[in-house]
Amino acid sequence: MTRQIRLGVFTVAGCGLAAFLLWGLAGLPGFGHYHWPYGNVLNQVAPNERHTSNVVGAVVFDYRGFDTLGEEFILFSAVVGVSLLLRKDREEAAPADRVRSDPIMATGAVAAALLFVLGLWVVAFGYVTPGGGFQGGVVLAGAFLLVYLTGGYREYHALTPHSPVEMAEAIGAGAFAILGFAGIAYAGSYLGNFLGIGDAGSLYSGGSIPLLNWATAVEVCAAMILLFSEFLKTYVIPTDDWRPELGPR
Amino acid sequence: MSYLPYALAAWLFVVGLYGVVSSRNLIHLAVCLTVMQSGTYVLLLAIGYKNGGAAPIFRPTRHKAVDPVVQALTLTDIVVSVTVVALILALALGAHKESGSVNPDEIADFSG
Amino acid sequence: MSTILAFPVALPLVGAAFVALTDDWTPKAVKEFPAMLIAAATVAFSTVILVRSERTTLVHWFGGWHPRHGLALGVGFVAEPLGAGMAVLAGALVTASLVYSWRYMEEAPRLYRVLMLVFLAGMSGFALSGDIFNMFVWFELMGVAAYALAGYSIERLGPIQGALNFAITNTVAALFLLFGTALLYGHTGALNLAQIGRSLAGHHAGGVVIVAFTLLVAGLLVKSAVVPFHFWLADAYAVSPVPVCAVFAGAMSEVGLFGIARWYWTVFSGPLDPHAHAVRDVLLAMGLVTALVSAVMAFLQRHLKRLLAYTVISHVGIALCGIALLDSKALAGAANLVISNGFATAGLFFACGVLLREFRTVDELLLHGRGRALPFLGVVVALAAVALVGVPYIGSFLGHSTLDEGATEHGLRWLPPLLMLATGISAGAVLRAAARIFLGWGPREDSLLTPEPPDEVPETQASRPVMVAVTAVVVLIGIGLGFAPGLEDRSEHASDRFRDRQAYVERTLDGKVRRYGPPAPVVLHRAKPSSIAYGIGALLIAIATAALGLYRRRVPATARRAGARLLDPAVAGLKTVHSGVVGDYVMWITVGTALVGGVWALTLHGP
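Residue numbers (our numbering), protein chains in the order written: chain A, 1244 to 1492; chain B, 42 to 153; chain C, 23 to 629.
Among the hints, erroneous ones may be present.
[Unchecked claim] One side only, chain C facing chain A, incomplete, derived with CB under 8 Å:
#, residue
1, Leu35
2, Val36
3, Leu43
4, Leu93
5, Val140
6, Gly147
7, Asn156
8, Trp160
9, Tyr169
10, Tyr174
11, Glu177
12, Leu205
13, His209
14, Gly228
15, Val230
16, Thr615
[To be verified] A few chain B residues that don't get close to chain C, going by computed Cβ distances all over 12 Å:
#, residue
17, Ser43
18, Gly93
19, Ala96
20, Pro101
What the hints contain is simulated information worked out from the structure, not anything from laboratory work.
For each residue, glycine too, the CB sits at the ideal point set by N, CA and C.
Starting from the given sequences, assemble the full structure and let the hints guide the process.
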């Protein structure tokens, strides 16, 4: 089948689909008129029942925490999948990747450190203020990527040794699922809250949310680092005097 | 009452789909999938929006807030998008290595 | 205790993390066992759930968030026999697959095992979940693991193409699901299936409901590979490692069908029941076309895994017909078909793995006569083919006969013969291949069959006795289900409950527990004479198809030329449409969705 036929047929069908979607969307309540009890009730009850001031955090880790379990493992299996698919990929020619400008390296080091602290903060207060394990985990991983961008692969690799990061990822993902079993043991339901709910607005609040939050942060940070590493490995070739342990399996 | 944000969602969805169908480059195709996915983010967030509502973060006071559920759903949606893009890019690298091309029309090894 | 509902998902997930963490330190001799044990334990939990759910529907609210005044705050799992049975099927096939692949995977076996466990968790979660967004999460988890598994042989272009087509089409499908979910949420303010179902019931279907229904169904039709959403499947299954194929074929495609049934009856049946005929006609038409077209496509293949992939699509089409009749008897038929065909097809894929190990190819023509060295395997393959045909009281017969009875009750007397034809052709393709390989019948060349590229690397470390044993066990289960006493009544009873939205909603949201009587007494299913006739007819068609495939040259030349003039353009057209190009596939998905949506927009609307 030629490209022209494909695009021609698609144009007709795509216009039909667009009209169909618009027809459906026109039946929704107008923009800005959300009035359903689900969100409103959660906004009402979550701060009292869980002492979390960030209701999105409460939804992610508590009310709909089971979605988040799946979500964590989606990321986990993506990392496993990418390492499976890239297990043989090594480029032949190495691009020069070392940064040679001292000001850039110095700025980068400071920025990476700041970003790291910012990431920790986003994670730690994830259920009090905007943030959370997912967002913070990505910021934390970003700090490591910045080291690569402003330093070089060698520095990046020294900071993110493959096996420990891989272990951290598995532990983070496994911990979330195991905390769920702790809920069965102590609260009678999977992912049930088994800790005191603490004081609203402080880090000690939300019951088991902080634990799930940190498990997520560890998993997400490690997963993002592993994803970067897997892709970086495909085109960074070590120089003769230095070889990272490539091909961990 | 405005329906414009919904129309934007539909537009992103269909234009992303067009990109997927017409793409000559797998990396471009992965980005088109994220455009489609952005349509779903916009739709979810638009559905949960309340006029005059602020973020559902109640510290120190109570106030009118938008729906927290769609925000949690969008977070999940974003993670899904990241993972799918990562896998497609990994496969695209493989395709480039094996065939020297990242054009989905050219890597069709078999058919029928 | 309802907490057991968490185990079929949480256990393999913890197991996946555990295997990822400890595999490198596990002594080589026992490396394979943790994953097998975890999968087996998951089956055990799912089976307990299945048995318990026969007496009453089980509900578990994660985090202890029970609904308040009919408002579901959290995510719940709801187990009734069909859903639990789906989870058992998925678990059983993953377990069989892990045993079968003992020492099979030479590269990255750790990652393979981790992904298989995650894949299992995704399928179980999808089967048990009572929340539409949660189902999307498990759908996606299943997908991500499956895309990577399909691309396992990354050093060849075929697997890359297959995995890419799989990943791209199924991601588009997932986005359809998400768009539909968002519409439903905007319309009802709920994500819980029971709550959406309750809130839609008693209203006419408006634009939102019709569009959401179309998108959700289209997304799952891609997953289960129904024409014209099916193209990716043959590409992906033909190139995946054999143990992965077996699970894909036996469970993943069927999970999509299960989702369609679940969403129709729990969520949409309220507003759509007055227009049930429109839903029925569209799904029935698609199911029939799928069954027939794919059966023909199967006949045109010489690459065994691709041949089997098309038989899987054909079976999906038949099972979709069972669902489309929107009736308990036909639904029970579809469920029984899914189980017995699932096991038999998985067994056939496993047999391909043995051939691959021994002869380094799965090309039917290259294998001509070489299977004589493996007579036992030949018998197993023949039995599996018989199970697919549905010879009276064997294998898929139970499913076919219940489906036939359901169709006849609806006055659709023309349906069973067409399904018989599809079954016969696809099983005939399998029989032809078996006869050519294990008996050396027929010529070594056949220009009709699609030429294929050289095949994948065989995994020679694997243990042949283990592989053959697993193949035989799986095929025997598939055959045995045909005369499992009491299965017919149980599945019909389960289908009745599955279709009872009222009971589901009250159980989930109001906690109103219903007890169901003890399972019906164990009696052997007594099929109607017409079903027996169809079973025998399918066998005759299968034999005729196989004979035609092998001995076409003995047909008188004039008849052969007339046949060729008639059929060649159609065959060429079919082959052209299955182009292997993902852009075409997504175009077909768009066309299919727009067409189905258009028809339903006109027919489902209003009171």
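Worksheet item: So which of the earlier hints does this model not fit?
Response: none
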